[in-house]
Amino acid sequence: FFRFFWPLQVWFLCFIVFGAVETAQYLAAGDRRLRLALACTLLFFLADDQLERQLHYRSHFAAPFQAAMASVEQVEPGLEANRTAGETVLTPLAFLPWLMWKLPDARTHPQLLLTAESEAGGNGDDEPDWVLYVPRIYLSAAARDYVDALVRSGAYEPRYEGSDATLLVRTAHHESLALHEGSSSRGAR
18 FFRFFWPLQV
28 WFLCFIVFGA
38 VETAQYLAAG
48 DRRLRLALAC
58 TLLFFLADDQ
68 LERQLHYRSH
78 FAAPFQAAMA
88 SVEQVEPGLE
98 ANRTAGETVL
108 TPLAFLPWLM
118 WKLPDARTHP
128 QLLLTAESEA
138 GGNGDDEPDW
148 VLYVPRIYLS
158 AAARDYVDAL
168 VRSGAYEPRY
178 EGSDATLLVR
188 TAHHESLALH
198 EGSSSRGAR
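Residue numbers for the sequence shown, in my numbering: 18 to 206.
These are calculated hints, taken from the structure and not from any lab test. Honestly, I wouldn't trust all of these hints.
[Said to hold, decoys possible] FRET-style restraints, in silico, Cβ to Cβ: (1) L53 - F22: 28 to 36 Å; (2) P127 - V38: 44 to 52 Å; (3) L51 - L30: 19 to 27 Å; (4) V27 - A102: 44 to 52 Å; (5) R50 - A84: 42 to 50 Å.
This one's a predicted model, so the numbers in the text were calculated from it and none came from an experiment. Quick reminder that beta carbons are idealized off the backbone N, C-alpha and C, glycines included.
The whole structure should be built from the sequences, with the hints applied where relevant.
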């Protein structure tokens with residue numbers, strides 16, 4: 018949603034540039050070269066700050082999120098195909114809106130989507146049915162440690178794997194899926 022703020026950013030940037038030029042004109046009082054040097058110096062610091070902020074945003078937010086989202090999209094069809102309505106999904110906070118959009122029952126019952134960040138804080142006692150495991154996208158170390166502990170507990174096993182994301186299912190639930198798949202394949206023969 019940040020892209021919708023760019024007209025506002027351009028507007029404020031124009032005010033800052035105008036202020037830098039006016040400040041340089043006021044301080045130089047008539048020497049044109051000094052005015053130009055002052056304006057260029059002030060604008061250099063502005064450009065340097067903007068460039069540093071853009072590079073930081075791209076390397077620490079946009080690129081990791083896009084890579085993780087591409088991987089989550091690889092495993093999401095498995096969630097839609099195997100998850101039955103009413104089953105809970107543990108997800109990093111970053112993917113909560115997307116999963117709410119993709120899973121119809123989660124729109125009407127948002128409590129089906131659990132965030133790793135809130136569960137790590139001790140808000141939930143039940144184990145989720147599904148875990149969307151994306152290790153590089155958690156907001157806190159506590160959330161990452163909580164989900165890592167779930168994965169290591171042996172209560173979950175991988176069902177679908179992407180390049181940076183894994184969809185895990187609770188082992189007891191996985192056994193019932195295997196029995197269901199076996200009975201449907203026998204009925205087809």
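Right, here's what the structure says about each hint:
1. The hint said 28 to 36 Å for the Cβ distance between L53 and F22, and at roughly 32 Å that hint holds.
2. The hinted window of 44 to 52 Å between P127 and V38 holds, with their beta carbons roughly 51 Å apart.
3. Taking the beta carbon of each, L51 and L30 are about 24 Å apart, inside 19 to 27 Å as hinted.
4. Remark: the range hint 44 to 52 Å for V27 to A102 is upheld by a beta-carbon distance near 46 Å.
5. In this structure, R50 and A84 meet the distance hint of 42 to 50 Å, their C-beta atoms being roughly 49 Å apart.
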